[in-house]
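Asks: Protein chains in written order, with the numbering used here: chain A, 241 to 356; chain B, 241 to 356; chain C, 241 to 356; chain D, 241 to 356.
Derived from the structure by calculation, the hints contain no laboratory data.
Please note that a few of the clues may not be correct.
Chain copies aren't distinguished; within one or between two, either way the pair holds.
As the list claims (entries may be wrong) - Pairs of lysine-lysine, BS3-like flavour, derived with a Cα cap of 27 Å:
1) 305 with 290
2) 335 with 321
3) 336 with 352
4) 336 with 295
5) 333 with 345
6) 336 with 305
7) 333 with 245
8) 305 with 295
9) 335 with 295
10) 345 with 335
11) 287 with 351
12) 352 with 321
13) 352 with 290
14) 290 with 335
15) 333 with 290
16) 340 with 351
4 protein chains.
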Amino acid sequence: MNNQKILQDIEAFVEARDWDQFHSVKNLSMALSVECSELVEIFQWMKEEKTNAVKDDPETLAKVKDEVADIYFYLMRIVSKTGIDLEEAVVNKMKKNEAKYPVEKFRGISKKYNEL
Amino acid sequence: MNNQKILQDIEAFVEARDWDQFHSVKNLSMALSVECSELVEIFQWMKEEKTNAVKDDPETLAKVKDEVADIYFYLMRIVSKTGIDLEEAVVNKMKKNEAKYPVEKFRGISKKYNEL
Amino acid sequence: MNNQKILQDIEAFVEARDWDQFHSVKNLSMALSVECSELVEIFQWMKEEKTNAVKDDPETLAKVKDEVADIYFYLMRIVSKTGIDLEEAVVNKMKKNEAKYPVEKFRGISKKYNEL
Amino acid sequence: MNNQKILQDIEAFVEARDWDQFHSVKNLSMALSVECSELVEIFQWMKEEKTNAVKDDPETLAKVKDEVADIYFYLMRIVSKTGIDLEEAVVNKMKKNEAKYPVEKFRGISKKYNEL
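Work out the full structure: start from the sequences and follow the hints.
Replies: Printed below as a string of structure tokens:
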């Protein structure tokens, strides 16, 4: 994926509309959570199996794509405004998760690390 | 950013713990929204200006990094389970947004496209 | 339920801590959504059937009670700060829903009113 | 507020549409969080001061009323499906909060109990 190009497009989109003035990190976190809920709304009354078969349901898949894109948009805006190195952040968090959820203890178990 | 490597690490992390059984698209959408709210929680009582200065506040920034990583993790899991091409989805949604929010009409305006 | 007494207790709790300064309607909406996500988190990896049997699972039920109470707390704060008459708001919205979802058309159907 | 009457109306509304089949506690928690996000969406680009003046902005207030009613609807459905005594839950949680946030320590402070 060509992240660099997409990040530039997102920044250009915002700049052309002079929207950065609305995009405080606080407001962006709200907008991000709203977009996530629009994804949740698609699945809220569906059986789990049906949500796993979304690949084969073009109408629903089209909606999911749009919501995933909106989530990515606001996530990248937050990354941009906070100066976070996303790759580094993910790699570091994965290491923490490896430590919090050791394979031998959490294999096949969905509990939270502090609930086992 | 080396997406391909990170995506592989995420999949390997899940597989090692046999967690895919819990990761229906429905459940992943719930987990994603929960992680977003953990980001919102960081900012809920902060003034907007302070959230914009998070770069210079190492303690808060560390928390933000972890939440952003968790959000990315679940977003990538949803992308993987639904077979979405994220780059294509973002490019297409940006085109729709360009049409919904023409520059001349929405410059400096934060209203929703259907509220103006 | 003795709403009046509980509302007074909530207001007194906030006043004693001088927390109203943090409780802008914006911030309260964020806090409310965070509490909802804490409820969602309890159920995110559970099968639907298990969530319906929460009555018979005292450990989970205790967590649900606390989250439901937190949601109620922030909802009542929003009601108080906006001067909304909750009873009137619910009665009016129920009437709108009756019109949007006529029984003969939506019986046994979980689609949104504008998707049928 | 006449809770008993409203609870009966909510149950009758659901029963007339045969919607209880969709209302697992899991699904209701999702729907509740979605409604909260619709409230958040109203405020996401607004300045805090403006959200506090929503009382004097009839157009926005009307939207807020509808979202607050939807949140109440799903919260009451969860209360009904889990058999929770809401009054008792709120009173108990308030006691816990009194202990977690002693007045002398948290007066004028918006930190979380475990962050001070």
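Asks: Evaluate each hint against the coordinates.
Replies: Against the structure, the hints come out as follows:
For the homomeric pair residue 305 and residue 290, the shortest alpha-carbon distance inside one copy (16 Å) is at most 27 Å, but the shortest distance between copies (30 Å) is not. For the homomeric pair residue 335 and residue 321, the shortest alpha-carbon distances inside one copy (25 Å) and between copies (23 Å) are both at most 27 Å. Taking CA atoms no more than 27 Å apart as the test, residue 336 paired with residue 352 passes in both settings, with 14 Å inside one copy and 23 Å between copies. Taking CA atoms no more than 27 Å apart as the test, residue 336 paired with residue 295 passes between copies only; the shortest distance there is 22 Å, against 32 Å inside one copy.
In this assembly of identical chains, the alpha carbons of residue 333 and residue 345 lie at most 27 Å apart only when taken from the same copy (19 Å versus 33 Å across copies). For a Cα distance limit of 27 Å, the shortest separation of residue 336 from residue 305 across copies, 12 Å, qualifies, whereas the shortest one inside one copy, 30 Å, does not. For the homomeric pair residue 333 and residue 245, the shortest alpha-carbon distances inside one copy (25 Å) and between copies (15 Å) are both at most 27 Å. Taking the shortest alpha-carbon separations for residue 305 and residue 295, only the intra-copy value of 11 Å comes in at or below 27 Å, while the best inter-copy value is 31 Å.
Taking the shortest Cα distances, residue 335 and residue 295 sit within 27 Å of each other only across copies (22 Å), while inside one copy they are farther apart (31 Å). Proximity of residue 345 and residue 335 under a CA criterion of 27 Å is satisfied intra-copy only: 16 Å inside one chain copy versus 36 Å between copies. In this homomeric assembly, residue 287 and residue 351 come within 27 Å of each other (Cα to Cα) both inside a single copy, at 22 Å, and across copies, at 13 Å. Taking CA atoms no more than 27 Å apart as the test, residue 352 paired with residue 321 passes between copies only; the shortest distance there is 22 Å, against 31 Å inside one copy.
Proximity of residue 352 and residue 290 under a CA criterion of 27 Å is satisfied in both settings, with 26 Å inside one chain copy and 17 Å between copies. In this assembly of identical chains, the alpha carbons of residue 290 and residue 335 never lie at most 27 Å apart, being 33 Å within a copy and 29 Å across copies at closest. Taking the closest pair of Cα atoms, residue 333 and residue 290 come within 27 Å of each other only across two copies (24 Å); inside a single copy the shortest separation is 31 Å, beyond that limit. In the homo-oligomer, the alpha carbons of residue 340 and residue 351 lie at most 27 Å apart both inside one protomer (11 Å) and across protomers (25 Å), since each shortest distance falls under that limit.
Violated hints amount to a single one, hint 14; each of the other numbered hints is respected by the structure.
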